[in-house]
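Line order of the protein sequences matches chains A and B. Take the first sequence: its letters are residues 1 to 361, numbered as in the working numbering. Take the second sequence: its letters are residues 1 to 165, numbered as in the working numbering.
Source of the hints: derived by calculation from the structure; they are not laboratory data. Any given hint could turn out to be false.
As the list claims (entries may be wrong) - Listed below are the simulated SDA-like cross-link pairs for lysine to any residue, each with C-alpha atoms no more than 25 Å apart in a straight line:
hint, chain 1, residue 1, chain 2, residue 2
1, A, 263, B, 48
2, A, 263, B, 43
3, A, 270, B, 54
4, A, 263, B, 52
5, A, 263, B, 44
6, A, 263, B, 42
7, A, 263, B, 40
8, A, 263, B, 41
9, A, 263, B, 46
Claimed, not checked - The following label-pair restraints were derived from C-beta to C-beta distances:
hint, chain 1, residue 1, chain 2, residue 2, range
10, B, 151, A, 79, 33 to 41 Å
11, B, 31, A, 347, 44 to 52 Å
12, A, 18, B, 28, 26 to 34 Å
13, B, 147, A, 176, 50 to 58 Å
14, A, 201, B, 24, 47 to 55 Å
What the hints assert, rightly or not - Below, a sample of chain A positions facing chain B; criterion: calculated Cβ distance under 7 Å:
hint, residue
15, 57
16, 79
17, 80
18, 81
19, 82
20, 86
Since the structure is predicted, the reported quantities are computational estimates derived from the model, not experimental observations. Even glycine gets a Cβ: it sits at the ideal position worked out from N, Cα and C.
In case you want the letters, here they are:
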Amino acid sequence: MSAPGNIRNWLDQRFGWDELMAFLRHKTVPIHRFSYFYFLGGMTLFLFGIQVVTGILLLMYYRPVPDGAFESVQYIMTRVPFGWLIRSIHSWGANVMILTAIAHMFSVFFLKSYRKPRELTWLSGMILLFLVLGFGFSGYLLPWNMLSLFATKVGTNMTAQVPLIGHWILVFLRGGEDVTGATLTRFFGIHVAVLPGLATLLIGLHLLLVQRFGMSVPPSVEDETKAHPEKARELRFFPNFFLRELMAWYVALAVLGCLAAFKPWELGQKADLFASAPAGIRPEWYFMFMFQTLRFLPANVGPFAGDFIGVLVFGVAAVVWTCLPFFDNDRRGRSTRWFTGVGIFALAYFVGMTVYAYLGK
Amino acid sequence: MRIDSQENSRSLQNSGSREPAEPARRPFLELLLGSSIVASLISYLYPVIRYLIPPAQAELGPDLVVAAKIGELRPNSGKIFPFGGRPALLILTADGKYHALSAICTHLGCTVQYRPDLHEVWCPCHNGVYSIDGANISGPPPHPLEAFDVIVKGNDLYVQRPQNT
Chain A
1 MSAPGNIRNW
11 LDQRFGWDEL
21 MAFLRHKTVP
31 IHRFSYFYFL
41 GGMTLFLFGI
51 QVVTGILLLM
61 YYRPVPDGAF
71 ESVQYIMTRV
81 PFGWLIRSIH
91 SWGANVMILT
101 AIAHMFSVFF
111 LKSYRKPREL
121 TWLSGMILLF
131 LVLGFGFSGY
141 LLPWNMLSLF
151 ATKVGTNMTA
161 QVPLIGHWIL
171 VFLRGGEDVT
181 GATLTRFFGI
191 HVAVLPGLAT
201 LLIGLHLLLV
211 QRFGMSVPPS
221 VEDETKAHPE
231 KARELRFFPN
241 FFLRELMAWY
251 VALAVLGCLA
261 AFKPWELGQK
271 ADLFASAPAG
281 IRPEWYFMFM
291 FQTLRFLPAN
301 VGPFAGDFIG
311 VLVFGVAAVV
321 WTCLPFFDND
331 RRGRSTRWFT
341 GVGIFALAYF
351 VGMTVYAYLG
361 K
Chain B
1 MRIDSQENSR
11 SLQNSGSREP
21 AEPARRPFLE
31 LLLGSSIVAS
41 LISYLYPVIR
51 YLIPPAQAEL
61 GPDLVVAAKI
71 GELRPNSGKI
81 FPFGGRPALL
91 ILTADGKYHA
101 LSAICTHLGC
111 TVQYRPDLHE
121 VWCPCHNGVY
131 SIDGANISGP
141 PPHPLEAFDV
151 IVKGNDLYVQ
161 RPQNT
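Let's have the full structure, built from the sequences with the hints guiding it.
Dropping the structure here:
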């Protein structure tokens, strides 16, 4: 027998290789006018992989101490061969990944893919989205520049608005009362150990659930296929859909490479704990809608501080949104249309506030 | 929901089990695709490998450093000092002579020390022994320690690499 045949036999006897392959052969993806949205989850997964690889590479030179962090990133950007490329891909990749994750979430929302039996898939996906935002927030501080220092001060300060345990969260996140070198060490640990561990577990669960239930078909398409069963079309996952996805990944990598080459990520000025906040201080774009909302709020709303109301509303909205499948499990009817309306409002609010924050000033 | 109609199987044919009209095209296209993939993979791996090779260290530093002050060392003692980013050993013998050696053991790179009781240079890692001139005299070290010149200028003891004259 040939060598590949031998290896295959060996694997088959131990792990049931042929069974696994048979599963892959039988897995199909429904083809309809919304099929392109099926690419978004895989794209986010691919970008996560890019983040893991470039992140490990950055760890080879990065030093998480206040006297060395900025300098080590500077060293990566200027002295290490292709360091600028690796770091810029990591920074751009983070932003593109958050974009695709948010797009994935909204597409799942509007295609109603979260309905029974996929409640836990949605729940694990939402927690993953929060983890991804946590990656963004913690990673932002690591180059230890002025912008990231003040963004972290403001961001961690907001947690103090949480009733009862707010101050405790603030001290926990900062590693003390203020943003200092202790915060850098803490954020580094969270960014490279805690979050990757949690994310890997949840991605495993998320993918397992996706495999278990297969691809969801939107209600409108489901009705059509019920009326005209002969029109239903499917595509084999392997290799047909997988190769298409692979092509999309190649394109994404090329886009990241172009962004990194033509718009290398800035390093800014080294953080100075005793300098005034620079003008134009702002968070990353994915936190902009919250940032803009807080700017609109007056100092006091009734007996409460304006920030408190803002944080409260966003907190409640996040919890409701996460638990959505448990509210909207109705196959059809008024309530589900009402939820679609809420989703359109949420998307419009997110986009509108973000755009306003950049254009408005 | 799942339909195994002909319609369906036709849509599955996208992967292309259809017989090619001209058989020569397929191998050519496969070669083209395969070499493109290999080329692009190389273009991804090359930066990563180059990135992992650290940039060359800056020059090892000056060839001449102040190792100590006169009177800093007691007779029959030694002192480790940095020389071009690496440890070196300055010895004042009992009879008042200065010796300077590389402090990196030629066996496996531990930092050696002066043993006043033996009047020799000793490496604790594998019990290697050198003379105060740096010659390897017992134990595993395969080569002598590099010896440096000691120059007295004013109140300072300078150590420099031997000049190639």
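Status of the hints after comparison with the structure:
1. Pair hint residue 263 of chain A plus residue 48 of chain B holds up; C-alpha atoms about 20 Å apart against a cutoff of 25 Å.
2. As the CA atoms of residue 263 of chain A and residue 43 of chain B are separated by approximately 20 Å, the hinted pair is consistent with the 25 Å bound.
3. For the hint linking residue 270 of chain A to residue 54 of chain B, the alpha-carbon distance of about 24 Å falls within 25 Å, and the restraint holds.
4. Simply put, residue 263 of chain A and residue 52 of chain B have alpha-carbon atoms about 23 Å apart, close enough for the 25 Å limit, and the pair holds.
5. For a cut-off of 25 Å, the pair hint linking residue 263 of chain A to residue 44 of chain B stands: about 19 Å separates their Cα positions.
6. A C-alpha spacing of about 23 Å is found between residue 263 of chain A and residue 42 of chain B, which places the hinted pair at or below 25 Å, so the restraint holds.
7. Between residue 263 of chain A and residue 40 of chain B the CA atoms are separated by roughly 22 Å; this keeps the pair inside 25 Å, and the hint holds.
8. Distance restraint check for residue 263 of chain A and residue 41 of chain B: the Cα-Cα separation of roughly 23 Å lies within the 25 Å cut-off, and the hinted pair is therefore satisfied.
9. This hinted pair checks out: residue 263 of chain A and residue 46 of chain B have alpha carbons roughly 21 Å apart, not beyond 25 Å.
10. Between residue 151 of chain B and residue 79 of chain A the beta carbons are some 35 Å apart, a value that agrees with the proposed interval 33 to 41 Å.
11. Remark: the range hint 44 to 52 Å for residue 31 of chain B to residue 347 of chain A is upheld by a beta-carbon distance near 46 Å.
12. Checked against the hint of 26 to 34 Å, the C-beta distance between residue 18 of chain A and residue 28 of chain B comes to roughly 32 Å, which is consistent with it.
13. Checked against the hint of 50 to 58 Å, the C-beta distance between residue 147 of chain B and residue 176 of chain A comes to roughly 52 Å, which is consistent with it.
14. The hinted window of 47 to 55 Å between residue 201 of chain A and residue 24 of chain B holds, with their beta carbons roughly 50 Å apart.
15. Evaluation of the residue 57 of chain A hint against chain B yields a held restraint, the C-beta minimum of about 6 Å falling below 7 Å.
16. Annotation: residue 79 of chain A was flagged as interfacial toward chain B, and the flag holds, the nearest CB pair being 5 Å apart, inside 7 Å.
17. The criterion of a C-beta within 7 Å of any C-beta in chain B is met by residue 80 of chain A, whose closest approach is roughly 6 Å, and the hint holds.
18. The beta carbon of residue 81 of chain A is positioned within 7 Å of a beta carbon in chain B (closest approach about 4 Å), and the interface hint is therefore held.
19. Look at residue 82 of chain A: its Cβ gets to within about 4 Å of chain B, closer than 7 Å, so that hint holds up.
20. Given the 7 Å rule on beta carbons, the hint for residue 86 of chain A holds: about 6 Å separates it from the nearest Cβ of chain B.
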